[in-house]
Every structure is written in C-alpha cells, then in structure tokens.
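So you can see what is in the structure, the chains are spelled out below.
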Amino acid sequence: MTTPVISLSGISKYFGTLAANRDIHLNVHGGRIHALLGENGAGKSTLMSVLAGRYQPDDGSIALHGREMRFTSPAQALESGIGMVYQRFMLIESMTVTENLLLAAQKKIGGSNCRRLISETAEQYGLAIDPDKYVYELSMGERQRVEIVKLLLLDADVLIFDEPTAVLTPVEIDAFFTVLKKLRSADKAIIFITHKLEEVLELADDISIMRKGRVIISTEADRKQISKRQLARLMVGRDVVLRVNKEEIPPGETVLRLRNFSGADVHGTTRFENIDFEVRRGEIFAIIGVAGNGQSGLVSAIAGLTRADSGEVSFAGSTFNAREWAKAPKDDMAYVPEDRYHTGCVGSMSIAENFALTQIGKYRKGATKLALDWQKMSEDGTRAVEEFKIKAQSAQDTAQSLSGGNLQKVILSRELSRNPKLFIAEQPTQGLDISATEEIWQALLKCRERAGVLLVTGDLKEVLSLSDRIGVIFNGRLLDIIDATDSDQIGRVGLLMAGVTS
Amino acid sequence: MMEDIVFIGQIAIKSSVAVLLATIGEIITERGGVLNLGVEGMMIVGALAGFAAGFATGNPYLAIAAGAMAGGALSLIHAFFTIKLRSNQVLCGLALTILGLGLANFLGRPLIGEAGVRIRAFAVPYLSEIPYLGEIFFQQSPYAYGAYILGPLAWYVMFKTRAGLVLRAVGEDAAAADAAGVNVAATRTIAIWVGGLFSGLAGSYLSLSYTPGWKETMTGGQGWIAIAMVIFCTWNPLRAFWGALLFGGLTALQFFFQATSIDIIPAYVLKMLPYLLTIGVLVLVTSSGKRRRSASPADLGVPFSRES
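Chains as they are written, first to last, in this note's numbering: chain A, 1 to 502; chain B, 1001 to 1308.
Chain B on its own, in the form it takes in the complex (with noise of 0.2 Å):
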C-alpha cells in the first residue's frame, strides 16, 4: 500500500514540472495585465530548441538555456503585437501557439527518433532520505528542485519587492501605474518575456528530462492546463504548486490504474477533472466577496494607450 502510494507520489511530481513551471511563468505574465494563450505554442518550441541544443552540443547547461530562450523569443513576438501595436491578446496568443506547434513540427522533422542530451534524477543528499517524503519529492530531476524554488521565488518578488509592485500595478491599472510614473509597455514586455522564459523552461523539461526526446506532440496539451492552473491558483504562484500536483496526481493516477489494471476511475475522467476543478474554482473565487483581493488583475487583457 505504502510503495503505491509513494509510486503515485513519484510521478506525480514528474509529471506537474513542466505545468508547474509554465503555470509560474504565466502567472507572472497575467500579473502584468497580458494574457498570452500562447504558452503551449512556447513549451513546444522550447521543447524543440532544448533537444536540438543538447542534440548539438552535449552540453546539458547550453540545452536547458536553448530551452528557455527559445520560449521567450517566440514570447517576444506577443510583446510586439499586444504592447507595440496594441492587437487582441486573445487571438495573438492563439496565433502563438498555432506557430509555435507549426513551427516545432516543420524544424524538427529531422529530429525525431534521435537520442540527446538526458537530464537524469538524482537523489538530494540527507533531504532524499526522509522516509516516504524523501523518496515523493527529493529523487527527482533538477528542474523539480528549479520549480520548487522559482515558485517561492516569484511569490516574494511579487509581493515584497518594489518590482513585484510595478507589476502588479500595471496588471491591475495600468492608467493609474502610468500617473504614477511606471513605464507600462517596458514592464508589460519583461512580464511577457519572463512568462516566455518560464514556458520555454518547461517545454524542455519534457524533451531533455521527463520523456527525453523529440516527439511534436510531446506537450500534449500541457500548455492548456497550465492557463486553467493560473485561475485555479487564483494568480499566486505559490498556490501554483498545488494545482500543478493535483494535475500530476491525476495523471500518476492515469499510469497507476493502467499498470495495476484497476479501472476504478477511467482515464478520460481523470483527464477532465483538471479543467473541472478549474471551472469550480472559478466559480467559487468569482462568488466570495472578498473577490477584490484573489481574482484576476483587473487590467487582465486590456491594452493600454495613454491619449485614449
């Protein structure tokens, strides 16, 4: 009984990385006032560069840049047309992804079935042998123990720094952070940009480190669930871990009851319930009536002209 669960446990922080990550980056983006859908688009991109970078060159330091640069290059194009010229965000980020997903599969063709560069896990001294909770959290691969300091990471910035203020000011009023004397379009970019990084960060978790290779649909919608967990996260990052691992744990649950050929749940339910949570979530967040302090920035998708 225990070994399932630690099993279950196991994977399930394997398999919430990528959306941790990409969740964090796109919180940060949102706090900003910029939705960009285009996350998945980034993470396949970044998947792509990362294999392709550690394909070349071996070095894994080189790869998991590639990665992350890759996602906030393509980022940088939703910066362009939502801050510069002032496009819907919604169809931008569309765009985006439809790219990023052309993009990945045209270059990488002849990528596939190639062997790379390969992240493996390794055990963290002392904090790896607490029994049980060691073996969940501790043996896992150095983007899990990234994500596990970026969320933490972001949440201070945000919330106790001077910069974290900036940003949140514009995401909430713009028109009040510009009188205020913040430049918005320079704040709004980085906040795109970092999401950018975050989401490239994460796609090439998944071609280096959790399934290592280059496969197109290697993402599998991943990038979707991260912009659910933004809302379910209600835009803290450090809820974000949270709703990352309801995602793993349903997706360890998915191998537990193929492997064990239990079918107490099937596995198409077990995949809605993450965007399920999230609509209750929702719900419940949008009818408390302390709604002010924990939904959306209220900038959330409007751009921001100041002779208008």
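Bound-form chain A, shown alone (with noise of 0.2 Å):
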C-alpha cells in the first residue's frame, strides 16, 4: 500500500487525570473509508478533535504525507486539507448557507465566485443545497451536506465525520452513504466514527476499534470475515445481546387513550394535530418520527408541562379535557424526559436527592411535615446506585459527574421507582453506548410487565427491537400506527418518517 494520507504516532491526551487517549498510532490511506469504532467515552472524538487541530495532544506526532505537522487550530488543520464535521454541526443557524460558506472560506473566495463554486462542488458530489437558505430551515440531512461542501469548498482531502448518521432519518442515510461512496472515489480519505456496527460493515475499508483511550485493533475490513458479534465483543470488551429477548404479553386495561389531541411545543413554533392514539398496561407503544415534527411538544403535553389546545385525555379510567389534563395529578405517570442534564436531573444535587425528587412526599417527617428524611433518602440513593449498577463512588456523587448512560440509569431507576400505571420515555437511549442501551431497553420490557409504555423515539433500530404497536408521526400529525409483528407493513416505517404516505 502506498504511504499512508494521515500517520498518527503516539498520540496521548489528557483531560486533567483523565487519559482521553493514550499512545495510539494509526494510518488513513486515501480513497478509502476508515471506521473508528468504539463505545462513548472510548476516546474517538477526542482523537480526532486532535487530529482536526480543536485540542492540543500532550504527547505523539502526526505526520501528513509523511511530513510531520503541528496543528494549533482548527484553521491551521483545515489549510492543510484535514477537516471535520462534528456531531454538533459548526454552522451557524441564523445565516445563510452561503454566508456559512463564505465565513469558512476566508479570503479564499469572494462572494461572486463563491455561489458558482457552491453549486459546481455541490453537483459534483451529488450535495444539492439551497444557497439562499437559513440554516435554521434546514433539515439535518441538509445542513450535513452544508458542511461537506464546506470542507470540499476548501479542498480538504482528509474528511472526518463523528457520528454522521446519528441525526440522520433512514432515507438521509442512504443518500449520504451515497455521497462517502464519491468522495472515496475522488480519492479523498475518509474518517468515520460510530458505534453503529451495520454501518461499519457496509461501508468500512478499513477498522479501528478503540476501547479506554486506546485502539486496540485496527484492520482491513474483510466483510466476509468479520461479524458484527465480533466487533461488538471487540468494542465492548464482552458478549453483548444484539437482539433483544420479548416475550409475548396480552396486551391489559388502556391506560391512556388521546382523543383529537393538538397543541404546540413550548415555543409554540411547531404544532401537532388530532393526535388519536392508546397505550394499554404490558405494551410498548412508539411514536417515531425525526426531529421536530411535533413529538416534543406532543410529550411535554402529556407529561402535563405544557397546556395542549384542545382534545380529550383519558388516564387511567379517568376523562379530562385538554385544559383540566395539564393540572390533573399525574403520581401514577413517570416521565423519562428527552434532555436528561437539564429536565431529568438537577446537575449540582447529589444522585440521592435526585433521586428522591419526583416523590419527595415519601420523605417528609416530623409533626408538621416539613422537615425532610436525609438519612432514607440517603439510603435509597446508595440502594439504587447498587441496584442498578450506576457507576459512581457514592449516592453523594452530584448528577452532574456522571456519564450519560449513567445519569440515564439514575433517572430510568427513580422513575421506575414509583411504580407508575404509565411509562414515558422520551429518546431514552439518544448518544449512550451499546451497554447502556442494552441495559435501558431491558428495563423498559421488564418495566411494560406492569405498565403500560409510551417510547418516543427517532431511532428505527429501538423501535424495531422493543415496541408492540408503532405510531408514525411527521409534521404534527400521526400518519399511521402499524403493528410491530405485521411484517409485511413495517417496512413502511422508514418511508412513513420521511413523510411518504402511498
């Protein structure tokens, strides 16, 4: 094989004590794809941060075409054809495509020049995008393509993306994957981290899997022989469930049916219409649907945080309206809340007095019933943190030390707590690793035995392998509900997300 585009050697990196990276060496090659794998917390971003001149490496080299380079800014990496789309997309919202253009180009192209140049990239690699458009008004999949062109516009030949198909719906997949496959044979080098190994396995030239801050393998993909049990036993470190076991439960009693439920989100900027829909104790019934179509506002409104406009919410057993529902008592309702650091937790309160949060009734005493039981607060905090196997050194660890998947568990665990006759979770695995996820989708089966499950979610994978019953939802409307063991319907699923109805 020819001299290697990118030579990482002995990279290490630190963040206080913590080593984020610890001697790795590594070569990308030119028109190949190369799959940085590894588990959240494993160190991929931070690697490839370094490499992209955003941090500083405390130790190692990285040599460009067999020259070595020192990067101390992102501007510096970029100029020498090393970029990368972050997870978190670098554009900013309330400008337009080519003004985002124009800001990352500097002085390299002028503003006549740069619409000819926008469209002539974008052509080339099959990236259609509207110059003219607000960021804020584009879809994921658009502003993804914004940022490729980007990084093409300024000649990059090293293009990493960490975690691209995360914000992805199944159809935007396709079409990037498409545009990875030009780019690989426009010579271009191609970094790709993810801990989806279906991904890996369709894509992937060559494989890197990285685990505690160190790649521990990293090899030309041979898709025959590599499984995707294998690379989750590499990653993980051990055998993982991939398939989840469901056993079949009678669906019970309808814990709760919406009638012509609609309202708007907080900023009442996106709405949902005539939602129609039940959830019966011992099913897990999803809503799927991208970002932004209605879904937030429509939970917020059945966790009674917002006020819906109109419509009828029957809980068990009993009826209310759309404006008696957001005062309603809620005690048997749990609600496991898409932001997790912000709606699901106080950060800077220790994990029993969050844990004792949502039932702080429990924890009164004294004659007047103001005072608060710190010591059985304290010690359920330490039963859960066993129970659930949190990693923390104590229940008076603060919230906010925690790991995402962890501060999940802690969250998943109380509201599981207090036995509620409906569960909500909302996006409850969104950026936690494969363990994690394992760990939560348990709970949630374990948890539809006595409850009856709202999962809302954009990812296909969970619903597919957890929920009995599917709701379709795309721009404020439920479009469909299709029966999770319908086989020949669920194929639909995909289509129904991006709004295609016949």
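Hints are not guaranteed to be accurate.
To be verified - With a straight-line cut-off of 25 Å between C-alpha atoms, the simulated DMTMM-like cross-links for lysine to aspartate or glutamate are:
id, chain 1, residue 1, chain 2, residue 2
1, B, Lys1160, A, Glu220
2, A, Lys369, A, Glu387
3, B, Lys1160, A, Asp132
4, B, Lys1160, A, Glu137
5, A, Lys376, A, Asp331
6, A, Lys196, A, Glu438
7, B, Lys1160, A, Asp58
8, A, Lys362, A, Asp309
9, A, Lys391, A, Glu379
10, B, Lys1084, A, Asp58
No lab work stands behind these hints, which were simulated from the structure alone.
Put the two chains together into one complex, using the hints given.
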C-alpha cells in the first residue's frame, strides 16, 4: 500500500488526570473509508479533535503525507486539508448557507465566485443545497451536506465525520452513504466515527476499534470474515446481546387514551394536530419521527409540562379535557425526558437528592411534615446505585459528574421505583453506547410487565427491537399506527418518517 | 406651535447624541457576543479625558480623540477579564462602571468648575436651510453629524462586509466560527474595544459639546439607557437612531414642560418611559415568530473556550 495520508504515532491526550487517548498509532489512506469504532467515552471524538486541530495532543506526532505537522487551531488543520464534520454541526443557524460558506472560506473566495463554486461542488458530489436558505430552515441531512460542501470548498482531502448518521432519517442515511462513496472514488481519505456496527460492515475499507482510550485493533475490513458479533465483542470487551428477547404479553386495560389532541411545543413554533392513540398495560407503544415533527410538544403536553389547546385525555380511568389535564394529578405517570441533563435532573445535586425529587412526599417527616428524612433519602439512593450498577463512588456524587448512560440509569430507576401505570420514555438511549442501551432496553421491557410504556424516539432500530405498536409522526400528524408483528407493513415505517404515505 | 415643535426637535437631537453613539458601540460589542455593562463607566471616563485634554491643550481634535481613547482603554480591561480569564461578563461590566465612575470622580476633582474647550454647533450649508427639518437636524454639534454617519456605517460594515460577517458569526455561535477558522478571541477583543471607543466618544460629547465643563454626575445614567436601547433597537445600528431619538424626545419634552410650566405628564413618568418601552419591545420581539432573525446574538454573554 502507498504512504498513508495521515499517520498518527504515539498520540496521548489527557483531561486533568483522565487519559482520553493513550499512545495511539493509526494510519489513514486516501481513497478509503476508515471506520473508527468504539463505545462512548472510548476516546474517538477526542482523537479526531486532536487530528483536526481543535485539541492539542500532550504527546505524540501527526504526519501528513509523511511530513510531520503541528496544528494549533482548526483553521491550520483545514489549511493542510484536514476537515471535520462535528456531531454538533458547526453552522451558524441565523445565517444563510452562502454566508456560512463564505465565513469558512475566509479570503479564498469572493462573494460572486462563491455561488458558482458552491453549485459546482454540490453537483459534483450530489450534494444539492439551496445557497439562499437560512441554516435553521434546513433539515439535519441538508445541514450535513452544507458541512461537507464547506470542507470540499476548502480542498480538504481528509474528511472526518463524527457519528454522521445519528441525526439522519433512514432515507437521508442512504443518500449520505452515496455521497461518501463518491468522495472515496475522488481519492479522499474518509474517517468515520461510529458505534453502529451495520454501517461499519456496509461501508468501511479499514476498521480501527477503540476501547478505554486505546486503539485495540486496526485492520482491513474483510466483510466475509468479520461478523457484527465479533466487532461488538471487541468494542465492548464482552459478549453483548444485540437482539432483545421479548416475551409475549397479552395487553391489559387501556392506561392512556388521546382523542383529537392538538397543541404546540414550548416555543409555540412546532405543532401537533388531532393525535389519537391509546397505550395499554403490557405493551410498548412507540411514537417514531425525525426530530422537530411535533413529538416533543406532544410528549410535554402528555406529561403535563405544557398545556395542549384542545382534545381529550383519558388516564387510568378518568377523562379530562386538554385544559384540565395540565393540572390533573399525575402520580401514576413516570416520565424520562429527552434532555436528561436539564429536565431530567438537577446537575449540581447529589444522586440521592435527585432520586428523591419526583417522590419527595415519601421523605417528609416530623409533625408538621416540613422536615425531610435525609437518612432515608441517602439509603434509598445508595440502594439504587447498587441495584442498577450505576458507576459512581457513592450516592452523594453530583448528578452532573455521571456519564450520560449512568445518569440515564439514575433517572430511569427513579421513575421505575414510583410504580407508575404509564411510563413515558423520550429518546431514552440517544447518545448512549451499546452496553448502556442494552440495559435501558431491558429495563423498559421489564417495565412493560406492570405498566403501559410510551416510547418516543427517532431511532428506528430501537423501535423495531422494543415496540408492540408503532405510530409514525410527521409534520405534527400521526400518519399511521403499525403493528410491529405485521412484517408486510413494518418496512413502511422508514418511508412514513420521511412523509411518504403512498 | 411650529416653533415649539422645532424647539423640541432640536433639543431632542441634542439630547440623543451621546446615547446614540454609546448604543452603536454597545451594539458592535454585543454583536460579537460580549455583554459590556460598563458603558456608563466608559462614558464618564471619556467625558473626563476629553475635557482634561481640551483643558490642557486647547485643541478640540485632541480632546475628542482623548475621550474616545480613554473609553477604549477602559474597555480593554473588560476584554482582558472576559476573554483571557473568561470571567462573568455581567459582574465584570458592573465592576467597570463602578471603577469608571470612581476613577473619574477622583481624578476629575481639580477640574470642577474650570472652563475648557467648547465644541459649538454649526449649521451645515444648504441642508440647514431646509424648512423645519434643516433647523432640527443640521444646526447641531459636529458630534451629531458624526453620529448620523457612524450609524449607517456600522450597519454597512456589520451586514455587508466580511468583517461584519465574522463579527456576527462570533456572536451567534463562537464554536462554529472557530471551526470555520475565525480567531474568536481577537474578534471579540476588537469588538469590545470599538464599543469602548464609541462610549468614550459619547462621554466626550457631554463634556465638550452638550454641557461643556466637567461634573462627575454628567452622564446621569445615559450609559444604562444605551444598554436598554441596544435591546430596544434589536441589535440593529440603523434602528439605534430611532431608539436614541425616542430618549432624546422624552428628555426634550421634560425641558419643554419645565420651560412652559405646562405639566401634562409628570417628569418622572417621562424618565421612566425609555425603560418601559424597552421592556415592551423586548416582549414583542421575543414573542414574535421571526425570533431568530431579530433577537439577541445567540452566544451573547457566553465565554468561549475550545477545549470544553
């Protein structure tokens, strides 16, 4: 093989005493797709941020085309042809596509030139974008295309993608893969960070797997020899169950029923209209949709955080109109919100305190019931930490010191311990790694035995693995409800998410 | 009747110049993502420096330059703390105001009651002969003419040039601007400094032209009005003109009611109005659907650090 475009040798990066990367050696070649696989916290993003000039390595060197380089800023790395598409897109939402590209192009291209260059580049790689649209008007897939065009305009020949498919719809993912293949045939070196195994097997020419800050294996992908199970074992360090075992449970009585439920999200911008569905005990009812199609407003209205405009809610035997519902008592309802860092917990408070927050009545003591039983609170917290194998030194650790997966386990266990009749889980595994996802899935399936579960997610795989019935939400409307056992219909879910009904 | 209106108009413009200049400056700073609550402090220091330089040299150009530079110098303290040390911008700005007021009070004591340079109003040929409007707008201090030009100029630079694009990018999303190769720290430092120059200039208008002389209370809260006006005109330098004129108009009405001893609206209510209107505009702006286009820079007040 030719000289690698990028050669990392002995890269180490520390954050305080934590080693994010330890002694990493890695070669990346032009015209190939290199998958960097690993769980959350394995150090993939840190390593790529070092390569892209965002972080400074504490040790080791980077060679580009065999010449040693040192980047002190993303701008310098870009100048040498190394560009990165971050997980959080680096676009300014209140500016147009053209303005964003002009900003990135710095002095290289002028205004009049820019439009022509944008359309030329976009056409060459099949990246259709409207240069006059504001970024906030664009879908995640379109924003990603803008990011790619940005790097191509700057003649990047190493393109790094940090979990590029996390925010895309299934249809957008296919389009993105086509673009990647075109980039590969244009002899670009592509690095692709992911923890989704199917993607690796479909696309990668080379695979490197990271675990705990080290690259544990770096190899050419031979699709005949590597199986998903092997990759998963290498990544996690133990065997993982990729298919959940779902027992048949006959559905029980209806826990939640919505009739013509309409309203808007907190900002009043995205609406949901005439939503009708029911959730029964013993089933997982999933609402799937691409972010921004009204599901977040719907969930907060069901949870009573916001008030819906009209419609009717039946919950545990009583019926309310939209106005009454917001104020109705919801002791039998548990809610795991999407934003686990802000809505789900109070970051600066301890695990034990957070654990007590949604059931504070349990901890009142004294004649006046004004005092709190801190002793009991701390005991319960400690028990939860042990029971759910939450990685923390004690229940007195602050919630914000936990990793995403462990924090989610705290919130989940707290809500489960309330013995709810309805359990609402909003994007419960977003951004979590395989082992945390696995545990959360198991917990949701177990919860189904006692309660009705409403799962709201954008993750198709999660829905297909867990749910009994699937409602697809698009543009504020529930397009269809599909039985998960109906194998003829199940293929439509991906299309419905993109708004294709026929 | 017409005479009264022209009189109120003239006073309105005269009273709005300092607020206008300071508002334009603060808009530039905030568009870069930095909140500087030290406007009042920078204005008073600019007022003192301008007066002192004029008093010592007798040269009006030096006096104006000294006023602006003093405001700029004080703003660099803010830049050092908020950008280099990433301190809390609100606290740092408040400290800057207290520092500026204290410093000017202390250093200016020997100058109280002295007579310095006076920058007089002059009529712009031809333009001032336009009936009514000419009298209102073009028989003013050169500072006013400067402000007429600087507002549109700031708007042009902000929205039509690459420098403006970079400035707004840093204020909207510093991380994205950084990824695009922009030097966030340098851009913000310049934005703060330019804001300081404007505040200093605004202060020197007060001590050289509006009420020539030195008095430690001469800014009288106009710096705070300017900060409110930034929100009132939704971070747009062109609208700053209307915001400042509103403030000037209310001030002029106070004078007018005093002079004619007509008391339709109590002076206290008039003094409150700029703040009340600002709150009203803020509510309107943030509740309208087009929020993303008109409301505050998204990264306003957020310190930037790459490794966090």
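A quick look at each hint next to the structure:
1. B:Lys1160 to A:Glu220: violated (50 Å)
2. A:Lys369 to A:Glu387: violated (29 Å)
3. B:Lys1160 to A:Asp132: holds (15 Å)
4. B:Lys1160 to A:Glu137: holds (22 Å)
5. A:Lys376 to A:Asp331: holds (21 Å)
6. A:Lys196 to A:Glu438: holds (13 Å)
7. B:Lys1160 to A:Asp58: violated (42 Å)
8. A:Lys362 to A:Asp309: Answer violated: Lys362 (chain A) to Asp309 (chain A) is near 33 Å, above 25 Å.
9. A:Lys391 to A:Glu379: holds (17 Å)
10. B:Lys1084 to A:Asp58: Cα-Cα ~22 Å, so holds.
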